[in-house]
Amino acid sequence: MAIQHRTFLVHGRVQGVFYRQSTVQQARQLGLHGYARNNPDGTVTIEAEGPAEALDALQAWCHHGPPAAHVTQVEVSAGPVQRYTTFEVRR
Numbered sequence: 001m002a003i004q005h006r007t008f009l010v011h012g013r014v015q016g017v018f019y020r021q022s023t024v025q026q027a028r029q030l031g032l033h034g035y036a037r038n039n040p041d042g043t044v045t046i047e048a049e050g051p052a053e054a055l056d057a058l059q060a061w062c063h064h065g066p067p068a069a070h071v072t073q074v075e076v077s078a079g080p081v082q083r084y085t086t087f088e089v090r091r
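No gaps in the numbering here: position 9 of the sequence shown is 9 in full-length UniProt numbering, and each next residue is one more.
If you are wondering where the hints come from, they were derived from the structure by calculation, not from laboratory data. Where a beta carbon is used, it is the ideal one built from N, C-alpha and C, also for glycine. Incorrect hints may have been included.
To be verified - Using C-beta positions, here's what the derived DEER-type ranges look like:
| # | residue 1 | residue 2 | range |
| --- | --- | --- | --- |
| 1 | Gly42 | Ala2 | 27 to 35 Å |
| 2 | Thr45 | Pro67 | 19 to 27 Å |
| 3 | Met1 | Ala68 | 32 to 40 Å |
| 4 | Phe18 | Thr86 | 15 to 23 Å |
| 5 | Gly42 | Val76 | 14 to 22 Å |
| 6 | Arg28 | Gln73 | 22 to 30 Å |
| 7 | Pro40 | Met1 | 30 to 38 Å |
| 8 | Gln21 | Gln73 | 17 to 25 Å |
With the hints as constraints, model all of the structure from the sequences given.
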């Protein structure tokens, strides 16, 4: 089971709607490591590492997020594994 790294840039109404905290809960349930962070432009960056199947599940979840969110776009890119040890909110 190879570990992969993906970065998700989530656009839409994703700040002030518990998107980051909901991402942490979802990622932990999937056994992923990494972080979620708000960006000054109103987007949310998520860096996640784990098996491809779990990353695919998180990616699918990112397209809708928590109930109050309105996601308009999710950009996805692969990158080098960073070896995160937990999943957290970063400020």
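Consistency of the hints with the structure:
no.: 1; hint: Gly42 - Ala2: 27 to 35 Å; in the structure: 34 Å, holds
no.: 2; hint: Thr45 - Pro67: 19 to 27 Å; in the structure: 21 Å, holds
no.: 3; hint: Met1 - Ala68: 32 to 40 Å; in the structure: 34 Å, holds
no.: 4; hint: Phe18 - Thr86: 15 to 23 Å; in the structure: 19 Å, holds
no.: 5; hint: Gly42 - Val76: 14 to 22 Å; in the structure: 18 Å, holds
no.: 6; hint: Arg28 - Gln73: 22 to 30 Å; in the structure: 25 Å, holds
no.: 7; hint: Pro40 - Met1: 30 to 38 Å; in the structure: 36 Å, holds
no.: 8; hint: Gln21 - Gln73: 17 to 25 Å; in the structure: 21 Å, holds
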